[in-house]
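Participant: Could you build all of it, start to finish, from the sequences and the hints given here?
2 protein chains.
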Amino acid sequence: MKRIAFQGEPGAYSERAVKEFFREHSFWTLPCRTFGEAFAAAHTGQAEIAVIPIENSLAGSVHQNYDLLLKHQLHITGEIILRISHHVMALPGVKWEKVRRVFSHPQALEQCRDFLEKWPAIEAAPAYDTAGSAKLIASEQWQDAAAIASANAASEYGLEILHRGVESNPQNYTRFLVLEKEEKIPAEDGKSSIVFSVSHTPGALFKTLAVFALRDINLLKIESRPLHGSPWEYIFYLDFAGTPRQSHCQKAIEHLEEIATFLRVLGAYEKGKVIK
Amino acid sequence: MKRIAFQGEPGAYSERAVKEFFREHSFWTLPCRTFGEAFAAAHTGQAEIAVIPIENSLAGSVHQNYDLLLKHQLHITGEIILRISHHVMALPGVKWEKVRRVFSHPQALEQCRDFLEKWPAIEAAPAYDTAGSAKLIASEQWQDAAAIASANAASEYGLEILHRGVESNPQNYTRFLVLEKEEKIPAEDGKSSIVFSVSHTPGALFKTLAVFALRDINLLKIESRPLHGSPWEYIFYLDFAGTPRQSHCQKAIEHLEEIATFLRVLGAYEKGKVIK
Numbered sequence: 000m001k002r003i004a005f006q007g008e009p010g011a012y013s014e015r016a017v018k019e020f021f022r023e024h025s026f027w028t029l030p031c032r033t034f035g036e037a038f039a040a041a042h043t044g045q046a047e048i049a050v051i052p053i054e055n056s057l058a059g060s061v062h063q064n065y066d067l068l069l070k071h072q073l074h075i076t077g078e079i080i081l082r083i084s085h086h087v088m089a090l091p092g093v094k095w096e097k098v099r100r101v102f103s104h105p106q107a108l109e110q111c112r113d114f115l116e117k118w119p120a121i122e123a124a125p126a127y128d129t130a131g132s133a134k135l136i137a138s139e140q141w142q143d144a145a146a147i148a149s150a151n152a153a154s155e156y157g158l159e160i161l162h163r164g165v166e167s168n169p170q171n172y173t174r175f176l177v178l179e180k181e182e183k184i185p186a187e188d189g190k191s192s193i194v195f196s197v198s199h200t201p202g203a204l205f206k207t208l209a210v211f212a213l214r215d216i217n218l219l220k221i222e223s224r225p226l227h228g229s230p231w232e233y234i235f236y237l238d239f240a241g242t243p244r245q246s247h248c249q250k251a252i253e254h255l256e257e258i259a260t261f262l263r264v265l266g267a268y269e270k271g272k273v274i275k
Numbered sequence: 000m001k002r003i004a005f006q007g008e009p010g011a012y013s014e015r016a017v018k019e020f021f022r023e024h025s026f027w028t029l030p031c032r033t034f035g036e037a038f039a040a041a042h043t044g045q046a047e048i049a050v051i052p053i054e055n056s057l058a059g060s061v062h063q064n065y066d067l068l069l070k071h072q073l074h075i076t077g078e079i080i081l082r083i084s085h086h087v088m089a090l091p092g093v094k095w096e097k098v099r100r101v102f103s104h105p106q107a108l109e110q111c112r113d114f115l116e117k118w119p120a121i122e123a124a125p126a127y128d129t130a131g132s133a134k135l136i137a138s139e140q141w142q143d144a145a146a147i148a149s150a151n152a153a154s155e156y157g158l159e160i161l162h163r164g165v166e167s168n169p170q171n172y173t174r175f176l177v178l179e180k181e182e183k184i185p186a187e188d189g190k191s192s193i194v195f196s197v198s199h200t201p202g203a204l205f206k207t208l209a210v211f212a213l214r215d216i217n218l219l220k221i222e223s224r225p226l227h228g229s230p231w232e233y234i235f236y237l238d239f240a241g242t243p244r245q246s247h248c249q250k251a252i253e254h255l256e257e258i259a260t261f262l263r264v265l266g267a268y269e270k271g272k273v274i275k
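Taken in order, these protein sequences are the chains called U and Y. Letter 270 of the first sequence, counting from 1, is numbered 269 in numbering that gives the first Met the number 0, and no numbers are missing. Letter 170 of the second sequence, counting from 1, is numbered 169 in numbering that gives the first Met the number 0, and no numbers are missing.
Since the hints were derived computationally from the structure, they do not count as laboratory data. The structure displayed is predicted, hence computed values, not measured ones. Just so you know, not all the hints are guaranteed correct.
Said to hold, decoys possible - Calculated lysine-lysine pairs in the DSSO-like style (CA-CA distance at most 27 Å, straight line): (1) Lys70(U) <-> Lys220(Y); (2) Lys250(U) <-> Lys206(Y); (3) Lys206(U) <-> Lys117(Y); (4) Lys206(U) <-> Lys270(Y).
Facilitator: Dropping the structure here:
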């Protein structure tokens, strides 16, 4: 039975991504304290697989995980997209009128700002993560506190949901990546993720994008990250439609190798399903 | 006398950026609790100018400030780059051997990880900001705590520096932008910042970069941010060498208007000096 690492407490959104992606398989989950530990678990063999969030449709990329993709020699083998819905939860029997503090991850608090602004007397308290806030309230048996977390976290820690769907913007999706030691390029249609750097000369980035435009390959995402040790130089992470099994994509990668000062294919995988 | 808004407590790195950039002028500073408040102060006229960090050479962009540039109608009128050096400070007379907790902003703690790992018994305690950590120790008169902050914060709050320059990587620079209501395009050489979006079609981003490549205009930075309400679509922030006073740059902007679905020039300004 495979062991799958994720960051956060049981009940975290990442754990739900694991359960949805591997719903037809049996597996153990390995909760990790940090993203770095989840990557390291899959890298060292403590787990066979890691599942990590890479991008939220409101907050943007999880930049730390882009940096960790570069640091660890893992392959992206899958993707899943979760609709994120935040709920306010407290100990059974606690009335909303008694709540003085609401705990959650700062990003979740930010995503529920419109709701929280309706209750200015209630303190928004930043915490380590969303499910961790629910766990804290359950373990401390706080009668005057609530957490903002997933429905899974409420059932995991025996809390009652007082307000459902308190996120300001319903177009709130998080994209997760499945990481393994071995690559698994899909036979059929898919997408690819690469990371590369170019020399600091005029037109360098333009030439790299030409590699794809000249072959009508659709770019899905471009992300730049700082190159450590070389201030104001960048490495680029690019997602495009197609996989190296398709000859025009393989040729694009070979063409990019001529231009880039560094290039690595992070993985080729099926486009993720959206789970509501 | 002009009033200049920045985020953080007195002694913050942003305040140092203000003092260095306006060293030949008289001004008042207006410390703000959040970046949003600093932008709003300059927008509403509570301050004439705001100075905000936009990018760190190790951590990458301050994404929230990219979003705020789009939200507020302010112009970038200047830039300054500070070498960031973190120091460990405590109340006068406190010995390092007595310190049990070190407070700082999570990003500063991360940047000093190599130092902190040498002292595993000392707790790294995340706090609201770097200078705020120094203020906290001074106001609470904690004898067993230290802060990681700037030399300015040590003198501001009467703390003594116990360890100097504890950052892991000396290539640690932060780039700050100066924001005002009126644009101030420099007469001579400079750089420009723009924000734009393109239709979600193959080659769209490639065409926008062609506008610059065809005119040998050097791109300095590209940053993508999610378009709220349209998951997996993006807006792009681009810095390039030159200003709209130079005809090839003006023509590039006009050409880009033909291609982009949205375009705004955020400002044209002199390249920032580097302050060690």
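Participant: Now tell me if each hint is right for this structure.
Facilitator: Hint by hint, here is what the structure shows:
{"no.": "1", "hint": "Lys70(U) <-> Lys220(Y)", "result": "23 Å, holds"}
{"no.": "2", "hint": "Lys250(U) <-> Lys206(Y)", "result": "21 Å, holds"}
{"no.": "3", "hint": "Lys206(U) <-> Lys117(Y)", "result": "45 Å, violated"}
{"no.": "4", "hint": "Lys206(U) <-> Lys270(Y)", "result": "26 Å, holds"}
The structure shown violates just one earlier hint, number 3.
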